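Protein chains in written order, with the working numbering: chain C, 1 to 356; chain H, 1 to 278.
Be careful, since some hints might not be right.
[What the hints assert, rightly or not] Listed next, the in silico SDA-like pairs over lysine to any residue satisfying Cα-Cα at most 25 Å (straight line):
#	chain 1	residue 1	chain 2	residue 2
1	H	K145	C	R247
2	H	K165	C	P252
3	H	K165	C	R345
4	C	K59	C	G267
5	H	K145	C	P252
6	C	K65	C	G325
7	H	K145	C	E244
To be clear, the hints were calculated from the coordinates, so they are not data collected in a lab.
As the structure is a prediction and not an experimental result, all values here were calculated from the model.
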Amino acid sequence: MRQRASIDVIGARRDESSSRRLRRVWAQREESLWRVGGRVATLVPVGALVFLVAVLAVKAWPAVKVNGGSFLTSTAWLPGNTYGGVEHVHGVTIPAGARYGAWPLIAGTLQTSAIALVFAVPVSILTAFALTEGLPGWIARPVGFVVEVVAGIPSVIIGLWGVLVLGPFLARHVYPLVANRIPDVPVLKYLGGSVGYGEGLLTSGLVLGLMIVPIIASTTRDLFLQVPALPKEGARALGMTDAEVARRVTLPWVRSGVIGAAVLGLGRALGETIAVAMVSGSVLGVVSPNLYGTMTTIAATIVSQLDSAATDGTGFAVATLAEAGLLLAGISIVVNLAARAIVHRSGALGAPVGRA
Amino acid sequence: MDEVTRRQVSDAQLASVLHNLDPDRDRPADVIVAEHLSVGFAGQSVLRDVSVALPRGTVTAIIGPTGSGKSTFLRTLNRMNDRVRGFERQGDVHLDGESIWSPGQDLLAVRRRVGMLFQRPNPFPMSIRDNVVAGVRAHGIARGKQLDVVAEMRLREVGLWDAVKDRLHGSPYRLSGGQQQLLCLARALAVGPEVLLLDEPTSALDPLSTEAVESLFRTLTPALTLLVVTHNLGQARRLSDATMLFYDGQLAEHGSTAQVFEQPRDARTARYVQGLVG
Numbered sequence: 001m002r003q004r005a006s007i008d009v010i011g012a013r014r015d016e017s018s019s020r021r022l023r024r025v026w027a028q029r030e031e032s033l034w035r036v037g038g039r040v041a042t043l044v045p046v047g048a049l050v051f052l053v054a055v056l057a058v059k060a061w062p063a064v065k066v067n068g069g070s071f072l073t074s075t076a077w078l079p080g081n082t083y084g085g086v087e088h089v090h091g092v093t094i095p096a097g098a099r100y101g102a103w104p105l106i107a108g109t110l111q112t113s114a115i116a117l118v119f120a121v122p123v124s125i126l127t128a129f130a131l132t133e134g135l136p137g138w139i140a141r142p143v144g145f146v147v148e149v150v151a152g153i154p155s156v157i158i159g160l161w162g163v164l165v166l167g168p169f170l171a172r173h174v175y176p177l178v179a180n181r182i183p184d185v186p187v188l189k190y191l192g193g194s195v196g197y198g199e200g201l202l203t204s205g206l207v208l209g210l211m212i213v214p215i216i217a218s219t220t221r222d223l224f225l226q227v228p229a230l231p232k233e234g235a236r237a238l239g240m241t242d243a244e245v246a247r248r249v250t251l252p253w254v255r256s257g258v259i260g261a262a263v264l265g266l267g268r269a270l271g272e273t274i275a276v277a278m279v280s281g282s283v284l285g286v287v288s289p290n291l292y293g294t295m296t297t298i299a300a301t302i303v304s305q306l307d308s309a310a311t312d313g314t315g316f317a318v319a320t321l322a323e324a325g326l327l328l329a330g331i332s333i334v335v336n337l338a339a340r341a342i343v344h345r346s347g348a349l350g351a352p353v354g355r356a
Numbered sequence: 001m002d003e004v005t006r007r008q009v010s011d012a013q014l015a016s017v018l019h020n021l022d023p024d025r026d027r028p029a030d031v032i033v034a035e036h037l038s039v040g041f042a043g044q045s046v047l048r049d050v051s052v053a054l055p056r057g058t059v060t061a062i063i064g065p066t067g068s069g070k071s072t073f074l075r076t077l078n079r080m081n082d083r084v085r086g087f088e089r090q091g092d093v094h095l096d097g098e099s100i101w102s103p104g105q106d107l108l109a110v111r112r113r114v115g116m117l118f119q120r121p122n123p124f125p126m127s128i129r130d131n132v133v134a135g136v137r138a139h140g141i142a143r144g145k146q147l148d149v150v151a152e153m154r155l156r157e158v159g160l161w162d163a164v165k166d167r168l169h170g171s172p173y174r175l176s177g178g179q180q181q182l183l184c185l186a187r188a189l190a191v192g193p194e195v196l197l198l199d200e201p202t203s204a205l206d207p208l209s210t211e212a213v214e215s216l217f218r219t220l221t222p223a224l225t226l227l228v229v230t231h232n233l234g235q236a237r238r239l240s241d242a243t244m245l246f247y248d249g250q251l252a253e254h255g256s257t258a259q260v261f262e263q264p265r266d267a268r269t270a271r272y273v274q275g276l277v278g
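Using the sequences plus the hints, can you model the full thing?
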């Protein structure tokens, strides 16, 4: 009996030590899974970007050669004779008379995105202020939830609403209030003139603005909630109003984060396709003479012209759309870098987040 | 004035001249008077029936165990508690003879006149110079070039000028904790308060910084009236003319600092100042 018990004890010990070894082996395997897996996983987005830009560049190359530098400045959008006649330019076969210039698309993209930001940033900051300071919790929580839900509405639905409801309403009741009061003088007259029927530059910009408000507002709200109470209390104790506390303490405290949120929204505005294609009027080759005119953007042009471009047997139209896509990617990257530079500059007073 | 005429000035005349020079001559001698002040939050009583008068130009220390209501009392004096959830009060607090809750009182003006310094330094996310003049700007006391003058004057007043004069437009967060607290003091002084509420102002500072800040407090009277909440009994003795001891939401003892520490009337005070309870 005694012997048996001791064997049991030894056996148990063996079990324990082998289970420990097993645990160590698994721990090492898990460790290497995280390390190796992590490295592989980071390659996915990087690889995707490189691959994407490379393919786009290869596809666009014939168009880059033919269109040249004037692609950035020209306003022509002529598919040429797609039924037979061809010409050869720099060794590339193109339909006879095909001429492309992207200036209206570039201008449209930058204008609509600028309008979207001008509308969305103040609205978002005020929303975030209301959600964190202004409203009681039992209203703020559901409203905050709704703001986040709006971010998930498909853009085609917003586009549909924009073209059927918002655009006509603005053109009939709101735009004239401004446009009819603008004197016919340089610069200012850009805000006046014909307001059209609700499809165009300003409507596109406002629809884009509505689409990016939820992103910027919910990010800004989360940032506001991170601001420690002590500096805000100090400002209140100094006799500042809630608005002054927000302007002088809360907002500066998270300034770089708010700029980052705005850039996130701007990225979406630059690339947003279908909603703009629906409300812009999709007019090629024209830079809108005033704030209300019909126009188009790079993204909207790519989606609206792809079908007809496919009918170009030489492939030149598709190559040109690829070049436009490359341009859009380039604009997005430049905007991002510029925003980083701004964030870096505004962080010169030290990044106080995390300090109290 | 020659020797002869100077001798002819009587003590009474001198007193009257001095009285006329005193900017506070038409104000009540007690700058803050609490009358049967009771404060609670959502039904929970925190302060009970506190009545006290604080003479202008003195330093009063407020001591007592944690949770005894010292900070609540302090924060009630510039209405920082008004918006805390469930705030309720009975009784009143008078500032220069007028209730701080009277309809004619402007909340922001009350806070300008009754400034506050917190447990930990809380500079705003702006340059050192902008921190000093933040309140001045908000109240429209000065603007433009005057702001630089105000900033320099207040930074000199707290002894920070030489340390920061070359980085006025730099970040306040690179200053040491003691310097940051001095900056916050300069900021509070810049709006010209009559009363300064100090909520454990040195509890986050090292001994050397504490000494610097304490010695500065003493230079602020009699122009200002100071109220210091502190857990540091040594600080209360060094700094104050009078001491209030809170115990369980009540004002257990109020008298000259020497009396409170050496001949306490209340048994709880005796135990507290001897360090037997804390």
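Hint-by-hint comparison with the structure:
1. H:K145 <-> C:R247: 22 Å, holds
2. H:K165 <-> C:P252: Given that 25 Å is the threshold and the Cα spacing comes to 23 Å, the pair holds.
3. H:K165 <-> C:R345: With a Cα-Cα distance of about 22 Å, the restraint between K165 (chain H) and R345 (chain C) holds, given a limit of 25 Å.
4. C:K59 <-> C:G267: 24 Å, holds
5. H:K145 <-> C:P252: OK: K145 (chain H) and P252 (chain C) at ~23 Å, within 25 Å.
6. C:K65 <-> C:G325: Answer holds: K65 (chain C) to G325 (chain C) is near 16 Å, not above 25 Å.
7. H:K145 <-> C:E244: 21 Å, holds
Taken one by one, the earlier hints all hold for this structure without exception.
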